[in-house]
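Asks: These are the residues of each chain, in order.
Number of protein chains: 2
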Amino acid sequence: MARILTFLGKGGVGRTTIAIAAAKRFAAQGKRVLLAFQEPEAAVGILLGEVPGVEAQALAPNFFVVQFQASALLERSWEEVKKLEAQYLRTPFFKEVFGQELGVLPGMDNALVLNALREYDASGQYDVIVYDGAGDQATLRLFGMPEILSWYTRRFRKVFADSDLGKTVTPFLQPLASAVLNVSWTDDLFNQPAAKQATNILEQGRQALADPNRVAAYLVTTEEPATIATATYLWGAAQQVGLTVGGVILNRAHDSAAVAQTFAPLAVTPIPTQAVDDWQPLIDALPDLEQASQAPRPIAINVAERKVSLFLPGFDKKQVKLTQSGPEITIEAGDQRRNILLPPELSGRPVTGAKFQDSFLIISF
Amino acid sequence: MARILTFLGKGGVGRTTIAIAAAKRFAAQGKRVLLAFQEPEAAVGILLGEVPGVEAQALAPNFFVVQFQASALLERSWEEVKKLEAQYLRTPFFKEVFGQELGVLPGMDNALVLNALREYDASGQYDVIVYDGAGDQATLRLFGMPEILSWYTRRFRKVFADSDLGKTVTPFLQPLASAVLNVSWTDDLFNQPAAKQATNILEQGRQALADPNRVAAYLVTTEEPATIATATYLWGAAQQVGLTVGGVILNRAHDSAAVAQTFAPLAVTPIPTQAVDDWQPLIDALPDLEQASQAPRPIAINVAERKVSLFLPGFDKKQVKLTQSGPEITIEAGDQRRNILLPPELSGRPVTGAKFQDSFLIISF
Numbered sequence: 001m002a003r004i005l006t007f008l009g010k011g012g013v014g015r016t017t018i019a020i021a022a023a024k025r026f027a028a029q030g031k032r033v034l035l036a037f038q039e040p041e042a043a044v045g046i047l048l049g050e051v052p053g054v055e056a057q058a059l060a061p062n063f064f065v066v067q068f069q070a071s072a073l074l075e076r077s078w079e080e081v082k083k084l085e086a087q088y089l090r091t092p093f094f095k096e097v098f099g100q101e102l103g104v105l106p107g108m109d110n111a112l113v114l115n116a117l118r119e120y121d122a123s124g125q126y127d128v129i130v131y132d133g134a135g136d137q138a139t140l141r142l143f144g145m146p147e148i149l150s151w152y153t154r155r156f157r158k159v160f161a162d163s164d165l166g167k168t169v170t171p172f173l174q175p176l177a178s179a180v181l182n183v184s185w186t187d188d189l190f191n192q193p194a195a196k197q198a199t200n201i202l203e204q205g206r207q208a209l210a211d212p213n214r215v216a217a218y219l220v221t222t223e224e225p226a227t228i229a230t231a232t233y234l235w236g237a238a239q240q241v242g243l244t245v246g247g248v249i250l251n252r253a254h255d256s257a258a259v260a261q262t263f264a265p266l267a268v269t270p271i272p273t274q275a276v277d278d279w280q281p282l283i284d285a286l287p288d289l290e291q292a293s294q295a296p297r298p299i300a301i302n303v304a305e306r307k308v309s310l311f312l313p314g315f316d317k318k319q320v321k322l323t324q325s326g327p328e329i330t331i332e333a334g335d336q337r338r339n340i341l342l343p344p345e346l347s348g349r350p351v352t353g354a355k356f357q358d359s360f361l362i363i364s365f
Numbered sequence: 001m002a003r004i005l006t007f008l009g010k011g012g013v014g015r016t017t018i019a020i021a022a023a024k025r026f027a028a029q030g031k032r033v034l035l036a037f038q039e040p041e042a043a044v045g046i047l048l049g050e051v052p053g054v055e056a057q058a059l060a061p062n063f064f065v066v067q068f069q070a071s072a073l074l075e076r077s078w079e080e081v082k083k084l085e086a087q088y089l090r091t092p093f094f095k096e097v098f099g100q101e102l103g104v105l106p107g108m109d110n111a112l113v114l115n116a117l118r119e120y121d122a123s124g125q126y127d128v129i130v131y132d133g134a135g136d137q138a139t140l141r142l143f144g145m146p147e148i149l150s151w152y153t154r155r156f157r158k159v160f161a162d163s164d165l166g167k168t169v170t171p172f173l174q175p176l177a178s179a180v181l182n183v184s185w186t187d188d189l190f191n192q193p194a195a196k197q198a199t200n201i202l203e204q205g206r207q208a209l210a211d212p213n214r215v216a217a218y219l220v221t222t223e224e225p226a227t228i229a230t231a232t233y234l235w236g237a238a239q240q241v242g243l244t245v246g247g248v249i250l251n252r253a254h255d256s257a258a259v260a261q262t263f264a265p266l267a268v269t270p271i272p273t274q275a276v277d278d279w280q281p282l283i284d285a286l287p288d289l290e291q292a293s294q295a296p297r298p299i300a301i302n303v304a305e306r307k308v309s310l311f312l313p314g315f316d317k318k319q320v321k322l323t324q325s326g327p328e329i330t331i332e333a334g335d336q337r338r339n340i341l342l343p344p345e346l347s348g349r350p351v352t353g354a355k356f357q358d359s360f361l362i363i364s365f
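Listed in order, the protein sequences are those of chains W and U. Residue 209 in UniProt numbering sits at position 209 of the first sequence; the count goes up by one each step and never skips. Residue 351 in UniProt numbering sits at position 351 of the second sequence; the count goes up by one each step and never skips.
Any given hint could turn out to be false.
All copies of an identical chain are treated as equivalent in the list; a pair is satisfied when it fits inside any one copy or across any two copies.
Straight-line alpha carbon distances no greater than 30 Å define the calculated DSSO-like cross-link-like pairs of lysine-lysine that follow [said to hold, decoys possible]:
1. 31 / 318
2. 355 / 317
3. 196 / 82
4. 318 / 82
5. 321 / 158
6. 196 / 167
7. 307 / 82
8. 95 / 321
9. 318 / 95
10. 82 / 95
11. 83 / 321
12. 321 / 82
13. 167 / 95
14. 158 / 317
15. 83 / 95
16. 355 / 167
17. 355 / 318
18. 95 / 158
19. 167 / 317
20. 158 / 82
21. 307 / 83
To be clear, the hints were calculated from the coordinates, so they are not data collected in a lab.
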């Protein structure tokens, strides 16, 4: 298992440069590093001295780079889909469609990249994966996917089972399944091996994201107000997808005192403007990127005190909406909804109070 | 019908500032303008003097602004889904799930924003919609969606109809449909009224995108090599989704001659560095943004000469992959695949030659 790190911030603040420096430092420390780029940028080739390919390649000892490309990843995933259908379907159907034909729809990029990160992580070949993504809301949607997809599955499964529609459709499914599938069919669609495997992958993703020693983000900003505003927004929005933000890198810094206050309690590390042809001063100036576990966690549940604490920096009470329906509570902020599955001790209890205190929303049951 | 304009370029080049100036100019010319922002950015509030809301609001005569928010758009679209199911399904099912619960998955943002743009366009209330999106590959995926989704529908519909799976499943569909739907069922799933409506919407989207007087993009760059490299890449990638790029805005320009060469035959308009508190010099320096129809089109089909010309600036021959399977040809470049549906005169004919000439890929049949 690898440590996965990413950088969030407004375009132009130097995220890619910081990501390269971070990867170089981990490699120099003897860690096996994969530096993964989301979008082909000519600038990457200039900075690295080589244009990364779509397969991971070694640029230096312990230092691997890869350029994610949605069209190539889609082609590879399509082969997996065909293998699955060959395993489960009596008469394969997708085999008539070739991976080389498939266009990329919105969202596919991020789903494919998340899957690629998962596979590189599981390969055991890397100690650290530095992911240079879009660094904005799109990156947050990517990391939020396992939790939100789990919710959709759970919610719609229950609604389907309880509905008249489900009761009407279910009798048709058994004969349809025996005509189509070449595996034995139990009465529950979601208990099929393929569905279980998908659920396991989502669960592993959720667990990785919940552990700041596995997945963490760092904010990158300059002293310009617009970049600070974006970093502040992304800090709060990251909590809403359960991504721990470990610290702030203040690039091209002159005076870091004012910025330090904005991001308290996170550490703000100033990085002076550097010449790009000498990486060492930049590498030396970077903070320790393995300390994210000391930063506030997006969520903490205290069963004994019947309290759920959500860290929501950068928001005020008016920007946060809390609703409760059935066993779940929903928090809306930063253009994301988070459905919180309560532990059995709190599940079904009504919310008795909610207060905002030092950037934490504390909900009592 | 409105003219929809968007700006592409690396983060930090000043896209949002240019978008605001462009909208202000159209409004001053007496056109009804909607300026639509994708992500909530505190900087927008600073620049506009007001934070835009999730509903379009007038800031000045003819000048409307809106802040897209995926969670709010999703809630609204969910109501539409429920209306559709109430119309078609005998026993509604989605009504048990509330829009306020739904989290945002990757891709939903862009699908929802495209739909919102479509609705604002159809409302007849605006002459121009200036869309300030992510300005990167994500924006291109958004505009490419109607064409690519049409392809998926067309391709899988045919594969399904021709497949053993389709033949096995079809007999089960009729009784299932009569149990579940409250509309009459013909033998083809894709001839249902709801499916036809969806197909029409996709077709309208494709037609709008194919007309540079309806939808066009402008590149924004500075003289910094990394921003020029990104703009060049996005220029080529835009062609791959069928989006016409009308020109280049060179922000904070000192010497535009070198840059002009990179983007020929597009016009490069230099914009000097401006004080943000006075918009007029910036507004005056902008190019005419209604001339995109004079720029090279992404695709031109000449039936008489049996030639298809694709404009692919910024790519060399090695970066472009051409494949032919059945009646369609597929072009891979700029991390997007484009499936070209040939007119009947060329459909089914083998490709006899392909050459790269002045940034055009010319395919002969």
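Asks: Does each hint hold? Answer for all of them.
Replies: How the hints compare with the structure:
1. Proximity of residue 31 to residue 318 under the C-alpha cut-off of 30 Å is found in neither arrangement, the shortest distances being 45 Å within a copy and 35 Å between copies.
2. For the homomeric pair residue 355 and residue 317, the shortest alpha-carbon distance inside one copy (8 Å) is at most 30 Å, but the shortest distance between copies (61 Å) is not.
3. For a Cα distance limit of 30 Å, the shortest separation of residue 196 from residue 82 qualifies both inside one copy, at 18 Å, and across copies, at 29 Å.
4. Proximity of residue 318 to residue 82 under the C-alpha cut-off of 30 Å is restricted to the inter-copy arrangement: shortest distance 29 Å between copies versus 48 Å within a copy.
5. Proximity of residue 321 and residue 158 under a CA criterion of 30 Å is satisfied intra-copy only: 25 Å inside one chain copy versus 46 Å between copies.
6. In the homo-oligomer, the alpha carbons of residue 196 and residue 167 lie at most 30 Å apart both inside one protomer (22 Å) and across protomers (28 Å), since each shortest distance falls under that limit.
7. Taking identical chains as interchangeable, the C-alpha atoms of residue 307 and residue 82 are never at most 30 Å apart, the minima being 47 Å within one chain and 35 Å between chains.
8. For the homomeric pair residue 95 and residue 321, the shortest alpha-carbon distance between copies (22 Å) is at most 30 Å, but the shortest distance inside one copy (46 Å) is not.
9. Taking CA atoms no more than 30 Å apart as the test, residue 318 paired with residue 95 passes between copies only; the shortest distance there is 28 Å, against 52 Å inside one copy.
10. In this assembly of identical chains, residue 82 and residue 95 lie within 30 Å of each other by CA distance solely inside one copy; the values are 6 Å within and 34 Å between copies.
11. For the homomeric pair residue 83 and residue 321, the shortest alpha-carbon distance between copies (25 Å) is at most 30 Å, but the shortest distance inside one copy (44 Å) is not.
12. Taking the shortest Cα distances, residue 321 and residue 82 sit within 30 Å of each other only across copies (23 Å), while inside one copy they are farther apart (43 Å).
13. In this assembly of identical chains, the alpha carbons of residue 167 and residue 95 lie at most 30 Å apart only when taken from different copies (16 Å versus 33 Å within one copy).
14. Proximity of residue 158 and residue 317 under a CA criterion of 30 Å is satisfied in neither setting, with 32 Å inside one chain copy and 52 Å between copies.
15. When the C-alpha separation of residue 83 and residue 95 is checked against a cutoff of 30 Å, the pair qualifies only within one copy, where the shortest distance is 9 Å, while the shortest distance between copies is 36 Å.
16. In this homomeric assembly, residue 355 and residue 167 never come within 30 Å of each other (Cα to Cα): the closest approach is 42 Å inside a single copy and 59 Å across copies.
17. Proximity of residue 355 to residue 318 under the C-alpha cut-off of 30 Å is restricted to the intra-copy arrangement: shortest distance 12 Å within a copy versus 59 Å between copies.
18. In this assembly of identical chains, residue 95 and residue 158 lie within 30 Å of each other by CA distance solely across copies; the values are 13 Å between and 32 Å within a copy.
19. Taking the shortest Cα distances, residue 167 and residue 317 never come within 30 Å of each other, neither inside one copy (43 Å) nor across copies (57 Å).
20. For the identical chains of this complex, residue 158 and residue 82 are neighbours both inside a copy (29 Å) and across copies (18 Å), given an alpha-carbon limit of 30 Å.
21. For a Cα distance limit of 30 Å, the shortest separation of residue 307 from residue 83 qualifies neither inside one copy, at 46 Å, nor across copies, at 38 Å.
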